[in-house]
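Which chain is which? The protein sequence lines are A and B, in order.
Using the numbering used here, you'd call the opening residue of the first sequence number 75 and step up by one each time.
Using the numbering used here, you'd call the opening residue of the second sequence number 13 and step up by one each time.
To be clear, the hints were calculated from the coordinates, so they are not data collected in a lab.
Just so you know, even glycine gets a beta-carbon here, dropped at the ideal spot from N, CA and C.
Among the hints, a few may not be true.
Chain B side only, calculated, beta carbon under 8 Å to chain A, not exhaustive [unchecked claim]:
| no. | residue |
| --- | --- |
| 1 | Asp26 |
| 2 | Leu28 |
| 3 | Ile29 |
| 4 | Ala30 |
| 5 | Leu33 |
| 6 | Arg36 |
| 7 | Arg42 |
| 8 | Ile43 |
| 9 | Ala49 |
| 10 | Thr50 |
Okay, derived cross-link-like pairs now, DSSO-like style, lysine-lysine, Cα gap no bigger than 27 Å in a straight line [unchecked claim]:
| no. | chain 1 | residue 1 | chain 2 | residue 2 |
| --- | --- | --- | --- | --- |
| 11 | B | Lys159 | B | Lys184 |
| 12 | A | Lys149 | B | Lys39 |
| 13 | B | Lys27 | A | Lys284 |
| 14 | A | Lys248 | B | Lys55 |
| 15 | A | Lys248 | B | Lys27 |
| 16 | B | Lys27 | A | Lys273 |
| 17 | A | Lys180 | B | Lys39 |
| 18 | B | Lys131 | B | Lys159 |
| 19 | A | Lys284 | A | Lys273 |
| 20 | B | Lys27 | B | Lys55 |
| 21 | B | Lys203 | B | Lys138 |
| 22 | B | Lys48 | A | Lys248 |
| 23 | A | Lys180 | A | Lys116 |
| 24 | B | Lys129 | B | Lys142 |
| 25 | B | Lys142 | B | Lys131 |
| 26 | B | Lys55 | A | Lys116 |
| 27 | B | Lys48 | A | Lys180 |
Derived coverage of chain A by chain B (criterion: at least 3 residues anywhere in the stretch with Cβ under 8 Å from a Cβ of chain B; other residues may be distant) [as the list claims (entries may be wrong)]:
| no. | segment |
| --- | --- |
| 28 | 99-111 |
| 29 | 150-162 |
| 30 | 222-236 |
| 31 | 278-285 |
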Amino acid sequence: MIVLWGSNRKAYSDIEVVNGLQERDGHVEEWFYNAAKRYFDKCFNEVFFNSDCRQEIFQSAFIKLWTEIENGRIKVDGNVLCRQQRSGEYMPMTCSLTTFLMAFAKTEYRELVRNVREESFDEFYDSAQHESVFAFDAGESDADEMKSRIVDECIQLMSPACIDIITQFYYHGKSLDEIMEMRGGRNSSKDGLKTAKNKCMNTLRERVLKEYRMCNL
Amino acid sequence: MKGNVTGSGCNDVDKLIANRLGERQRKLERIGAMEKATERGRKRNLSILYTAISIAACIALVVIVNPFTGNGPQHGAFAMEAPDFSTFRAALPELVQVEALIDAGEYYKALDIVEAKLKESDRKVKHAEKEPLFDDEEWMYEYRAEKLMNAELRWTYIYLLVMVECDRTAVKELKRYLRDEEFCMHREDAKDMLEALR
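Just chain A, same shape as in the assembly:
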C-alpha cells in the first residue's frame, strides 16, 4: 500500500537525474517530471488568471531544462553538476535543478506578463530575447552536436505559437488548411497563417545561421 501511495518510491539525486535523462531512462524522466511538477505547484507563487497559462509556463520551463540536460549543456563532471556558459566554459552549478527550473519559469512568466501588459504580444516571434545563445569557437567540439544545441536554444527563444505552426508544417508535414483547422481560428486567414509560418521559419533560420557564424561553424 505504501508503494501505491508513492511515499517510498526511489528518489533520485540531481546527478542521477542528469545521468538518467542523458541516457533517456524512462523511470528517471517520469520521476523527475513529477518531482519538478510538485515543486513548481508548491513554490511558484505568481498570480495566474487561468490554469492553462500556469501549465504552459511549467511545460516550457521543463522542456528547456530537459533539453539543456539532454544536449549536455548541463552535465556531470567529476561528480559535480556543471553548466556550460555562453563563453563555452563549464562552471559548477550553484543551485539545484528545481531551482534552475524555477528561474526558467520566472523568465517565462515575466515574458508573459510583459506581453499582456503592453498588449503587443507578438504571436510569431519572441522579440524580447536577442542575445546570442553561445559565443565561443566550437572548432574543438563536435560540430554536429553543437549545431543541434544551437538550433534547440534558438527554438526555445521563439513564442509557443510560432513553434506550434512550424512544428505542424515542417515536422508533421501538415498542410496550411489542416493547421488552420487545428489552431481553431487563432489565425484569421490562410494567407495570414502562411505569412506567419514564413516569418517564423525565416527568423529562426537567420538566428541559427548567425549563431553558427559566431561559433565558427
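With chain A held as given, fit chain B onto it using these hints.
For chain B alone, kept in the frame of chain A given last:
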C-alpha cells in the same frame, strides 16, 4: 525526420530545424504521456482508497451494526437450529407435518400450524392454572407435560418468526418463553437471540 522541408540553399539548416522540432515534439508527447500516467495513478489511488473505505465500512457494518455476528446467534437458519420434535411427535401428530414443511422451507405454512397449536396449548395451560390441583399427581403430570409441550411449541414458533423476519413478535414471544424458567430447554440460546434481536 518528416515534413515539408524541401531543397534550398539552407536545406541542411531547415532539415536540422525540422529534426529538432521533432525532438521537442517527442518531449511534449512524453510529457503528455507522463501526465496521463500520473492522472491514472491518482485515479487508481483514489479507487484503492474508495475500495478500502468501502471494505472497512462493510466490515464495520457487519461487525458493529449487524447483531447476528460474533458470539451471538445469527439471523435466519445459520445459527439457530431447527427444533427437533422427536419427544412430542406422538403427542402431537401435526408436528411431523411441521417438520416436513420446515425442511422444505415452507415457513409460513409451518407458522400457521404451529401458531394454531400454540394457541390451543396456551388455552389448556391457562385453563389448568385457573383451578390448580397441585396435590393431584395425575393432574400435575398432565400439567407439566402440557407446559413442556407449550414451551417447545413456543420455541418452534419463535424459530419460525425469526425465519420469516417477524422480529418484534419474536422478541415478545422470547420474553414470554424465558419467563417460565423450569420448562426452558433452550434458555441460553433464547437469551442470546433476545439480545441479538434487540
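Agreement of Lys180(A) and Lys116(A) with the hint, judged by alpha carbon distance not exceeding 27 Å: Within the cut-off at roughly 14 Å; holds.
Chain B over the segment 278-285 of chain A, status - at least 3 residues with CB closer than 8 Å: holds (count 4)
Hint check, Ile29(B) versus chain A [nearest Cβ-Cβ separation less than 8 Å]: OK, holds: Ile29(B) within 8 Å of chain A, min 6 Å.
Given hint Thr50(B) near chain A, where the shortest CB pair must fall under 8 Å: 6 Å, holds
Restraint check for Lys131(B) with Lys159(B), where alpha carbons must lie at most 27 Å apart: 13 Å, holds
Holds or violated: Lys284(A) to Lys273(A), with C-alpha atoms at most 27 Å apart: 16 Å, holds
Chain B covers the segment 150-162 of chain A, three or more CB atoms within 8 Å, holds or violated: Answer violated; 0 residues pass the 8 Å Cβ test.
Pairwise hint evaluation, Lys142(B) against Lys129(B), where the allowed Cα distance is 27 Å at most: 20 Å, holds
Pair hint outcome, Lys48(B) versus Lys180(A) [Cα-Cα no greater than 27 Å]: OK: Lys48(B) and Lys180(A) at ~26 Å, within 27 Å.
Hinted pair Lys180(A) and Lys39(B), Cα distance within 27 Å: 21 Å, holds
Straight-line alpha-carbon gap Lys248(A) to Lys55(B), limit 27 Å: Not OK: Lys248(A) and Lys55(B) at ~35 Å, beyond 27 Å, violated.
Distance restraint between Lys48(B) and Lys248(A), which requires alpha-carbon spacing of 27 Å or less: 26 Å, holds
Consistency note: the structure conflicts with the earlier hints numbered 14, 20 and 29.
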